[in-house]
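2 protein chains.
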Amino acid sequence: MKAFVLSALVAASLMAGSLASDAHKAGLKPIPDTKKALLKLTSNPANPTTCAKVELGKILYMDPRLSKSGLISCNSCHNVGLGGSDGMSSAVGHKWTSNPHGLSSPTVYNAVFYSQQFWDGRSPHLEDQAQGPIQAGPEMAAPKEHVTDVINSIPQYVAMFKQAYGKTVNITFEKIADTIAVFERTLVTPSRYDDFLNGDKTALTKAEQKGLKTFIDKGCTTCHNGIALGGTMQAFGVTAPYKHMDVGDFKGDKNGLVRVPTLRNITQTAPYFHNGQIATLSEAIQEMGRIQLGITLSDAETASIETFLKALDGRKPEIIYPMFPASNPTTPKINVN
Amino acid sequence: MKAFVLSALVAASLMAGSLASDAHKAGLKPIPDTKKALLKLTSNPANPTTCAKVELGKILYMDPRLSKSGLISCNSCHNVGLGGSDGMSSAVGHKWTSNPHGLSSPTVYNAVFYSQQFWDGRSPHLEDQAQGPIQAGPEMAAPKEHVTDVINSIPQYVAMFKQAYGKTVNITFEKIADTIAVFERTLVTPSRYDDFLNGDKTALTKAEQKGLKTFIDKGCTTCHNGIALGGTMQAFGVTAPYKHMDVGDFKGDKNGLVRVPTLRNITQTAPYFHNGQIATLSEAIQEMGRIQLGITLSDAETASIETFLKALDGRKPEIIYPMFPASNPTTPKINVN
Numbered sequence: 001m002k003a004f005v006l007s008a009l010v011a012a013s014l015m016a017g018s019l020a021s022d023a024h025k026a027g028l029k030p031i032p033d034t035k036k037a038l039l040k041l042t043s044n045p046a047n048p049t050t051c052a053k054v055e056l057g058k059i060l061y062m063d064p065r066l067s068k069s070g071l072i073s074c075n076s077c078h079n080v081g082l083g084g085s086d087g088m089s090s091a092v093g094h095k096w097t098s099n100p101h102g103l104s105s106p107t108v109y110n111a112v113f114y115s116q117q118f119w120d121g122r123s124p125h126l127e128d129q130a131q132g133p134i135q136a137g138p139e140m141a142a143p144k145e146h147v148t149d150v151i152n153s154i155p156q157y158v159a160m161f162k163q164a165y166g167k168t169v170n171i172t173f174e175k176i177a178d179t180i181a182v183f184e185r186t187l188v189t190p191s192r193y194d195d196f197l198n199g200d201k202t203a204l205t206k207a208e209q210k211g212l213k214t215f216i217d218k219g220c221t222t223c224h225n226g227i228a229l230g231g232t233m234q235a236f237g238v239t240a241p242y243k244h245m246d247v248g249d250f251k252g253d254k255n256g257l258v259r260v261p262t263l264r265n266i267t268q269t270a271p272y273f274h275n276g277q278i279a280t281l282s283e284a285i286q287e288m289g290r291i292q293l294g295i296t297l298s299d300a301e302t303a304s305i306e307t308f309l310k311a312l313d314g315r316k317p318e319i320i321y322p323m324f325p326a327s328n329p330t331t332p333k334i335n336v337n
Numbered sequence: 001m002k003a004f005v006l007s008a009l010v011a012a013s014l015m016a017g018s019l020a021s022d023a024h025k026a027g028l029k030p031i032p033d034t035k036k037a038l039l040k041l042t043s044n045p046a047n048p049t050t051c052a053k054v055e056l057g058k059i060l061y062m063d064p065r066l067s068k069s070g071l072i073s074c075n076s077c078h079n080v081g082l083g084g085s086d087g088m089s090s091a092v093g094h095k096w097t098s099n100p101h102g103l104s105s106p107t108v109y110n111a112v113f114y115s116q117q118f119w120d121g122r123s124p125h126l127e128d129q130a131q132g133p134i135q136a137g138p139e140m141a142a143p144k145e146h147v148t149d150v151i152n153s154i155p156q157y158v159a160m161f162k163q164a165y166g167k168t169v170n171i172t173f174e175k176i177a178d179t180i181a182v183f184e185r186t187l188v189t190p191s192r193y194d195d196f197l198n199g200d201k202t203a204l205t206k207a208e209q210k211g212l213k214t215f216i217d218k219g220c221t222t223c224h225n226g227i228a229l230g231g232t233m234q235a236f237g238v239t240a241p242y243k244h245m246d247v248g249d250f251k252g253d254k255n256g257l258v259r260v261p262t263l264r265n266i267t268q269t270a271p272y273f274h275n276g277q278i279a280t281l282s283e284a285i286q287e288m289g290r291i292q293l294g295i296t297l298s299d300a301e302t303a304s305i306e307t308f309l310k311a312l313d314g315r316k317p318e319i320i321y322p323m324f325p326a327s328n329p330t331t332p333k334i335n336v337n
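Chains A and B, in that order, are what the protein sequence lines are.
Going left to right, the first sequence walks through residues 1 to 337 as our numbering numbers them.
Going left to right, the second sequence walks through residues 1 to 337 as our numbering numbers them.
Fair warning: there could be bad hints in the mix.
The list treats identical chains as interchangeable, and a pair is accepted whether it falls inside one copy or across any two copies.
[As the list claims (entries may be wrong)] Below are the DSS-like pairs computed for lysine-lysine, each with C-alpha atoms no more than 30 angstroms apart in a straight line:
hint: 1; residue 1: 254; residue 2: 213
hint: 2; residue 1: 29; residue 2: 95
hint: 3; residue 1: 144; residue 2: 95
hint: 4; residue 1: 333; residue 2: 251
hint: 5; residue 1: 210; residue 2: 316
Treat the hints as calculated values from the structure; they're not laboratory data.
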């Protein structure tokens, strides 16, 4: 009996080992399990990650005074407590304006692992991306000068920038966005899936391992690969048109390609797809099979993939809510109009 | 020389002791300096403070899904990082609606020490107050049933309520508001001023002590007294009408009385007065002298009082940003209209 249990364990372990190997072959990669490797991977050589920048970037990310109205922060639409998004089908910003293209807010978690930012991939990295929503009229609606004037008017912010970048720092709009990006680069969420790929063969249950196998075997990894299980530009509606394509006018980039969203923390970022028209994970999985792979996934296969996807819920960094340095009479007035 | 220094120290100490005594006589009271005394003072016997309720209350306070739109939380207008308010002259809520009476958001910090809540004092305590903005059309705009349906649809929230109140808990709208209030009851900010009144004679600088004396001698403590240095209902515009009374239609309660705002953390809660029409603390101090005390405060007296008021900036509780339990397909849909 003992021998049987032992050999079953060995077999399970071998299966797990082989599955991890299959995952690697399919292009899936774990979040590194050492701080050093993770820092090397996520730090931008042109703007290296430091503790002072991360802390300042966090405060800026959360501060609604970076918006024209003083009401909207990066965290309003990319809420770190709501899976890094806002739970809306179409983002709402300045003056209660819905996104003009009907686009939802992608999660900020693990966005550092994307090759491109925004749904149409028009931005190469987070430093560039962070400049967009702050200025965009339907989002935070703040002209560059407003943002730099606000920050430069607050002595404690100036002191924090000096601490982060040296005494001669010029606090430009780009520097502010760079600092926000450094914080965002720390928003990675290792999960049991990563533990599994990093060698802990018991980190995923058998049902989750089976789901991962189904995920690979069915071809989901064609697009959902890399560390983010997404993040590259891919054709959308390959074998059939997306059933809610008529909601909003988004058609992808100039070649019709769409940036693949990460599957990490996917249970926390409904509703799904670029225009947030799919409410449940099972429907999203089946629609993907239909329009990207040309297959009909059975209920059992769908459930199995869903079981795996739930194991991608990650461990979030602890974020202490910032006490923002106070405005003063020289701080530009907020303007809700 | 030594004797002179010693006698100067003794004299300063006597002066400080006498000032603290004058402050007590003028109705000023410190935040207690022991956890036990503070808990006794801030806990509601009908809904006693417990760790489980505080933690749950914090999550609810920060969760924008308590609003109809899913975009606005208690923290949107009573931002714990912005002195417990929003920096706006008139609060903005659902569908970008400004407060119809032109009223600003009072700070949540130390509101537990108020005898009445809201600018017109219509609410007796935080448990009652918390029910208002969640439902108010221009604020969070959520019907009671929406809020209870959202919370009851999320198993992790239900589990947290059971942990806080026992397995048979009925998660009503009132219970949700009660829980938010328990969290708010912990938002107190002891300052060097409290240390001084609690016996540390060196906690305030001489200039701050002088400012406190001016504050008392000029009669500011007539209204700004108690632990909150405010929080009771008082006549407004006693000796002259407020110069911005025409902005908004607020006229106080049925007797024309207005709830006196706390002076704690006052440097962080500009713009000032119920309609946020005064940008600077010095102007606010002078206007108060003119319309409440019928005196013209000199620049030196104004500056001295301001120096004291700055010492009311308090130590904030550390707040770890919550990871909200995820919505699911049974959670009521958010509605931005």
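Consistency of the hints with the structure:
{"no.": "1", "hint": "254 x 213", "in the structure": "neither (34 angstroms within a copy, 70 angstroms between copies)"}
{"no.": "2", "hint": "29 x 95", "in the structure": "neither (41 angstroms within a copy, 43 angstroms between copies)"}
{"no.": "3", "hint": "144 x 95", "in the structure": "both (19 angstroms within a copy, 26 angstroms between copies)"}
{"no.": "4", "hint": "333 x 251", "in the structure": "between (38 angstroms within a copy, 26 angstroms between copies)"}
{"no.": "5", "hint": "210 x 316", "in the structure": "within (25 angstroms within a copy, 49 angstroms between copies)"}
Against the hints set out earlier in the document, violations occur for numbers 1, 2.
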